[in-house]
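Chemist: Residue numbers (this note's numbering), protein chains in the order written: chain A, 1 to 262; chain B, 1 to 268.
Think of the hints as simulated: they come from the structure by calculation, not from any bench. Hints are supplied without guarantee of correctness; some may be wrong.
What the hints assert, rightly or not - Selected chain A positions facing chain B (Cβ under 10 Å, derived; list incomplete):
1. PHE19
2. ALA25
3. TYR29
4. THR40
5. LEU41
6. PHE44
7. GLY46
8. ASN50
9. PRO77
10. LEU116
11. PRO195
12. TYR200
13. MET205
14. ALA223
15. TRP226
16. ILE232
To be verified - Distance ranges between label pairs, derived from CB positions:
17. PHE94/B / PRO169/A: 43 to 49 Å
18. LEU164/B / GLN247/A: 53 to 59 Å
19. SER85/A / GLY225/B: 44 to 50 Å
20. LYS175/A / GLN176/B: 39 to 45 Å
21. THR84/A / MET183/B: 30 to 36 Å
22. ARG88/A / GLN181/B: 38 to 44 Å
What you are looking at is a predicted structure, and each value in this text was computed from that prediction instead of being measured. Don't be surprised by glycine CBs; every beta carbon is placed ideally from N, CA and C.
Each chain, written out:
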Amino acid sequence: MRIQRKNLGIPYVLFLLLFVVAPLAVLFYYAFTNGSGQFTLMNFVGFFSNPNTLGTLVYSFAIAAVTTFVCVLLAYPIAYILATSRIRAKSAVVMIFVLPMWINFSLRITALKEVLTFLEGNLAMHPFLNAVIGMTYDFLPFMILPIYTTISRLDASLLEAAADLGASPREAFLKVTLPLSMPGILSGVSMVFLPAMTNYVVLDMLYNSTYIMGSLIGSYFSAYNWHGGSMIALILLAIICLFTFLQGNTEESGANRGGALL
Amino acid sequence: MKKIWKAVFFVFMLLVLYLPILILAVYSFTDATTIGSIRGFSLQNYVTLFTTPELTSMILGTLFLAFGSAVIATILGTLGALGSFYSRERTKNFINTINQIPVINADVVTGFSLCVLMVVVMRISKDTFVPLVVGHVVLAAPFVYLNVSPKIRQMDPSMYEAALDLGATPWKALFQVVIPQIMPGIVSGFGLAITLSLDDYFIATYTKPAMFDTISTYVVNATRGSQTTIKTALWALSTVIFAVVILVVVIGNVNASRSEKRKEYANV
């Protein structure tokens, strides 16, 4: 008797249904019910009518936007230089930029914290700046890698054509290379923006006590308030869906997160 | 001139990335408790790191968890990739889509939702380690799937058929023909699963037993406390991990270039 090879996938599909799909269904249920199991919109209305939680949403967006911007600003030149250079051991140099990702992030942030304390004295004096520095330090490789990959794959003949048609190198860069590297930038943005909205540990470790969206989940968790926490998780999920929708190609982003780590 | 600026920028960025880790490494060999104060050479941090039961059990626990969850994730993810490849287009798309959810989801959301499902709804005690292990498998298995799938697509499908025609049982054909061909994907998926587990903080916080700590949760809690012996022992830990990572990368690169050379010779 021949085994049906497609049946090999059954354990994994069951696993995904039970531990990926079901948790999301449970989130929906808890977000729209109260402690006694009755349907309610209170968690939803509560979030959008409370100035504190709205402030948290705005602050998260601000931190994430600035972090993402700084990451693009730093990562693009690195990726561009790497992708266009003629050095032989190119993959080894790329590796050097990605290697810090392998060290546990909490230890990396500890190291950064010690250096920042030495430079600034009291870390609590510059909470926003430190949060951006910490997150940039943490997430930069996630931005370098997709941009590097996109630029390396660019067709060199396009630049030659631009030059033949009279474009200066500067024009060729602005009108050919930059627009064509947008997919890489977008993919990097989606890799950095969401973690920057949710990774509250970086803020905690650098003595920034302002809440971001992730911290709200953390505080609801500590208070055993599953309903409130589920609503925050749902709002984050909605933002994630929006990003995925805007970016279109999801397969790529997964490959990048993996690529950045391995 | 332009080249010089490129080089300056490059070196500067490398310094920014590596300086904190390197400074910490230097200070881990002194008895200083803060960066900036220069003190004498000391191995005390390393002695503390490897002799404090709390620290050693935390490190071993983290490694054990990473290895165990990576094994489960690799088996599940590989089977899933195989099953998906041989399924109808619609089933395949369905699995691909669900597989992407943990990949793009924020870890806070994944961890919290798993905690609500398993601990609050299913009433599984965190002390059983089941929520924690399941959480890390959820984190890693989709990446195994993503690493193995392209290898299956590149595989020569007639090899499996040939094995069957030559009298191999389907299981034998699977283990002796299919698995070896997709092995590179399985290995890189396994490596990725280990790294993801080692680096995770959020899923562990929401699903771990109260008395168990991974390196991440331990370090984060330790920075809130004021125990300087533990704090500086963690500098030593950071240095050890940095050394191990460099070692792994160097060995990996040497092996890769060797096998590439072998291939070149084979082609000649």
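Chemist: All hints, please: hold or fail.
Modeler: Tested hints:
no.: 1; hint: PHE19; in the structure: holds (5 Å)
no.: 2; hint: ALA25; in the structure: holds (9 Å)
no.: 3; hint: TYR29; in the structure: holds (9 Å)
no.: 4; hint: THR40; in the structure: violated (17 Å)
no.: 5; hint: LEU41; in the structure: violated (19 Å)
no.: 6; hint: PHE44; in the structure: violated (16 Å)
no.: 7; hint: GLY46; in the structure: violated (18 Å)
no.: 8; hint: ASN50; in the structure: violated (20 Å)
no.: 9; hint: PRO77; in the structure: holds (6 Å)
no.: 10; hint: LEU116; in the structure: holds (9 Å)
no.: 11; hint: PRO195; in the structure: holds (7 Å)
no.: 12; hint: TYR200; in the structure: holds (8 Å)
no.: 13; hint: MET205; in the structure: holds (5 Å)
no.: 14; hint: ALA223; in the structure: violated (13 Å)
no.: 15; hint: TRP226; in the structure: holds (5 Å)
no.: 16; hint: ILE232; in the structure: holds (8 Å)
no.: 17; hint: PHE94/B / PRO169/A: 43 to 49 Å; in the structure: holds (48 Å)
no.: 18; hint: LEU164/B / GLN247/A: 53 to 59 Å; in the structure: violated (42 Å)
no.: 19; hint: SER85/A / GLY225/B: 44 to 50 Å; in the structure: holds (46 Å)
no.: 20; hint: LYS175/A / GLN176/B: 39 to 45 Å; in the structure: violated (55 Å)
no.: 21; hint: THR84/A / MET183/B: 30 to 36 Å; in the structure: holds (34 Å)
no.: 22; hint: ARG88/A / GLN181/B: 38 to 44 Å; in the structure: violated (31 Å)
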